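Asker: Sequence:
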Amino acid sequence: MKKRNVEPGAGFEITDALRSVPCLQGLSAAALNKLQGMARHRRLPRGAILFREGAICEEVFIITGGKVKVYRLSPDGRQQTLWVLVGGECFCFAPSFHRARYPGTAQCMTEVRVIELGRAPLVALPRSSPGLAGAVIGCLCHRLTTTASLLEEMSTQPVRHRLARFLLTLAETRGVKTPDGILLDDGWTHDELASCVGTVREVVSRTLKQLAQEGLVRSRRRCILLPDPARLEKQLRLRRPAKNPLS
-10 MKKRNVEPGA GFEITDALRS VPCLQGLSAA ALNKLQGMAR HRRLPRGAIL
40 FREGAICEEV FIITGGKVKV YRLSPDGRQQ TLWVLVGGEC FCFAPSFHRA
90 RYPGTAQCMT EVRVIELGRA PLVALPRSSP GLAGAVIGCL CHRLTTTASL
140 LEEMSTQPVR HRLARFLLTL AETRGVKTPD GILLDDGWTH DELASCVGTV
190 REVVSRTLKQ LAQEGLVRSR RRCILLPDPA RLEKQLRLRR PAKNPLS
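Residue numbers (the working numbering): -10 to 236.
Hints are computed from structural coordinates only; laboratory data are not their basis. Misleading hints may appear alongside valid ones.
Dumping the calculated DMTMM-like pairs for lysine to aspartate or glutamate here, alpha-carbon to alpha-carbon at most 25 Å [claimed, not checked]:
| hint | residue 1 | residue 2 |
| --- | --- | --- |
| 1 | K166 | E191 |
| 2 | K166 | E105 |
| 3 | K58 | E42 |
| 4 | K198 | D175 |
| 5 | K23 | D65 |
| 6 | K166 | E181 |
| 7 | K58 | E203 |
| 8 | K23 | D5 |
| 9 | K58 | E47 |
| 10 | K223 | D174 |
| 11 | K223 | D169 |
| 12 | K23 | E42 |
| 13 | K58 | D169 |
| 14 | K198 | E181 |
| 15 | K56 | D175 |
| 16 | K56 | D5 |
| 17 | K58 | D5 |
| 18 | K56 | E203 |
Model, not experiment: these values are computed from the prediction.
Model the full assembly from the supplied sequences, consistent with the hints where possible.
Answerer: Right under this line is the structure:
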């Protein structure tokens, strides 16, 4: 097994990252400092596996740079991406409290910098911070609701709907405002988009071309522009997309 690289001099970044996690924002400075001393900041190459589906959840991850996908394999071996996470996002926080199993396999889509925090210090926190338990329950409820919505959409909606919904989610949570619209510049390939919406690359390419012909998107070298997200949402009769649930 390849040894993961520990980032030197990462204390300041670890502190900032811990403070950014919603469930930890109510902790005292002393509690945060204790967590910082137990956290590890690592750098992983593209393709590295953070954890595998079905393994017991022993760590929480906070991404400080790069992009990670969490996916499951269908019976025929096809990847179905559940979530894609980027810098600033935390995941596997709630399942770590009751040693649940990881919901999928997490793989680095780019070089990734990530903070890893073992479950043991987190489990002890509710004794000194009762509000933390309520926050974790809230995370679990939100994840269950949005996962149920995802499963329903995958089984009942056509690819055009699923792709548009996914693009709108990206626009709301990670899009960059420009004079021409909302830019998605995370470097998405058509293969990656296909994995996220449960189809194949050729279908995504064809659907993006159709949306472009209708003036709903503009595609250029691993960037996608939504000139008017509200128009896309209205035309496809989509509900407002939820933020990433894997927290």
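Asker: Hint by hint, note whether the structure agrees.
Answerer: Going down the list of hints, with the structure as the test:
For the proposed pair K166 and E191, the alpha carbon gap of about 29 Å is over 25 Å, so the pair is violated. As the CA atoms of K166 and E105 are separated by approximately 32 Å, the hinted pair breaks the 25 Å bound. Between the alpha carbons of K58 and E42 the distance comes to roughly 12 Å, so the proposed pair stays at or under 25 Å and holds. Simply put, K198 and D175 have alpha-carbon atoms about 19 Å apart, close enough for the 25 Å limit, and the pair holds.
For the hint pairing K23 with D65, the CA-to-CA distance comes to about 45 Å; that exceeds 25 Å, so the pair is violated. As the CA atoms of K166 and E181 are separated by approximately 23 Å, the hinted pair is consistent with the 25 Å bound. Note on K58 and E203: the hinted pairing is violated, with a Cα-Cα distance of about 30 Å set against a maximum of 25 Å. Among the hinted pairs, K23 with D5 is consistent with the structure: their alpha-carbon atoms are about 14 Å apart, no more than 25 Å.
For the suggested pair K58 and E47, the alpha carbons sit about 18 Å apart, so the restraint of at most 25 Å is met. At most 25 Å may separate the alpha-carbon atoms for a hinted pair to count; K223 and D174 meet this at roughly 23 Å. Using a Cα cut-off of 25 Å, the hinted pair K223 and D169 holds, with the two alpha carbons roughly 19 Å apart. Distance hint between K23 and E42 is unfulfilled; the C-alpha atoms sit about 30 Å from each other, more than 25 Å.
Under the criterion of a C-alpha separation no larger than 25 Å, the hint pairing K58 with D169 is inconsistent with the structure, at around 29 Å. With a CA separation close to 16 Å, the supplied pair K198 and E181 stays within the 25 Å bound. The straight-line distance between the Cα atoms of K56 and D175 is roughly 8 Å, inside the 25 Å bound, and the hint therefore holds. For the given pair, K56 sits about 19 Å from D5 by alpha-carbon distance, which is consistent with the 25 Å threshold.
Restraint check for K58 and D5: the C-alpha separation of about 23 Å stays at or below 25 Å, so the hint holds. At most 25 Å may separate the alpha-carbon atoms for a hinted pair to count; K56 and E203 exceed this at roughly 30 Å.
Of the numbered hints given earlier, the model fails hints 1, 2, 5, 7, 12, 13 and 18; all others are met.
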